[in-house]
Amino acid sequence: MPSLSHCIDEIVTPGLRLDRYAAEFLRVLSRSQLKARNFEGRINGKKAKLSSPVKQGDIIELSWNEAQPTELLPEDIPLDIIFENGQLVVINKAQGMVVHPGAGNVHGTLANALYFRQLCRGGSFPESIRPGIVHRLDKDTSGLIIAAYNETAHAQLAGQFRARTVKKTYIALVKGRLENIKGNIDTLIARAPHNRKLFSVQGRGKAARTLYRQIKTWNSHSLVLLRPRTGRTHQLRVHMKYLGHPILGDPLYSTGDVLFPHATLMLHAKNLEIALPESGERIKFYAPVPMRFREIIRALDKIK
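Once you know that position 255 of the sequence shown is 254 in numbering that gives the first Met the number 0, the rest is easy, because the numbers rise by one and skip nothing.
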């Protein structure tokens, strides 16, 4: 039976339920999953219900039953492989590809493709790490993502992400011209109070830091490099909206664009630098600038 002990070190809404805190802040399981898996909770050592309120400073203990294993199906999906050895694989993920299977996305995910690829190589993923993906990209974000082929490599890579020694650089096309050519965005990010699927900069939440640099500008848009120093959900998208320059084509944090009304999310994970498992050699991977970027940049260059 999985379990979790946690001290609430953030200010929470008065009357917030224990199951909502577990689902929306800790993100261990959804509220419906907690209920279905015989959830047991304690607050400050006392037995608690799903509906019990929590507050800052409470020590909560959670336990729940394991879910029945869901079969991951191998699927022959073409992947743009940037690098591969016996320890890991680096992929240039296409925009629109979901990373992990979930509700409504059982097939066609990166996990399905990686499982097929590993079987074709004569190997298999250990159940503990299958399919070995150590970080994530949103469905509509393209670019570099890494997966491990064994438990040792997975542990070493995951440790680098936790220690924030992995260097990631994104490119983004944003609306407007930035006031400063470069800068540091250092805020707290939490779930938006009126839409729990979104995030926003608030006076509470988790620390989020992004470095940015403008590399090209036009009258209406700018091309920027983004270097996240933390890995919060939707961090780059939220931070650019916070600056007043939302990412072009962002369906969640931006509005329609007059010049490019059909643009999709213009965010791409361009560079990724890690230390290779076993050897420790630091290596930097590159993913080409996607065609969707080049087309809009050419269009902007023609506008006087």
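Treat the hints with care, as some may be off.
To be verified - Computed Cβ-Cβ distance ranges for the label pairs, DEER-style:
id: 1; residue 1: Gly255; residue 2: Asp8; range: 18 to 26 Å
id: 2; residue 1: Glu83; residue 2: Pro13; range: 46 to 54 Å
id: 3; residue 1: Gln201; residue 2: Lys48; range: 45 to 53 Å
id: 4; residue 1: Arg120; residue 2: Ala191; range: 24 to 32 Å
id: 5; residue 1: Pro52; residue 2: Gln201; range: 32 to 40 Å
Unchecked claim - With a straight-line cut-off of 20 Å between C-alpha atoms, the simulated SDA-like cross-links for lysine to any residue are:
id: 6; residue 1: Lys215; residue 2: Asn270
id: 7; residue 1: Lys167; residue 2: Asp79
id: 8; residue 1: Lys205; residue 2: Ala162
id: 9; residue 1: Lys283; residue 2: Ile170
id: 10; residue 1: Lys215; residue 2: Ala162
id: 11; residue 1: Lys166; residue 2: Arg297
id: 12; residue 1: Lys283; residue 2: Lys205
id: 13; residue 1: Lys283; residue 2: Val165
id: 14; residue 1: Lys166; residue 2: Glu280
id: 15; residue 1: Lys166; residue 2: Gly122
id: 16; residue 1: Lys215; residue 2: Asn149
Bear in mind the hints are in silico, worked out from the structure with no lab data behind them.
Idealized CB from N, CA, C, for every residue including glycine.
Evaluated hints:
no., hint, in the structure
1, Gly255 x Asp8: 18 to 26 Å, "violated, 39 Å"
2, Glu83 x Pro13: 46 to 54 Å, "holds, 51 Å"
3, Gln201 x Lys48: 45 to 53 Å, "violated, 28 Å"
4, Arg120 x Ala191: 24 to 32 Å, "violated, 43 Å"
5, Pro52 x Gln201: 32 to 40 Å, "violated, 20 Å"
6, Lys215 x Asn270, "holds, 18 Å"
7, Lys167 x Asp79, "holds, 18 Å"
8, Lys205 x Ala162, "holds, 16 Å"
9, Lys283 x Ile170, "holds, 16 Å"
10, Lys215 x Ala162, "violated, 32 Å"
11, Lys166 x Arg297, "violated, 29 Å"
12, Lys283 x Lys205, "violated, 28 Å"
13, Lys283 x Val165, "holds, 10 Å"
14, Lys166 x Glu280, "holds, 14 Å"
15, Lys166 x Gly122, "violated, 29 Å"
16, Lys215 x Asn149, "violated, 41 Å"
The earlier numbered hints that this structure contradicts are 1, 3, 4, 5, 10, 11, 12, 15 and 16.
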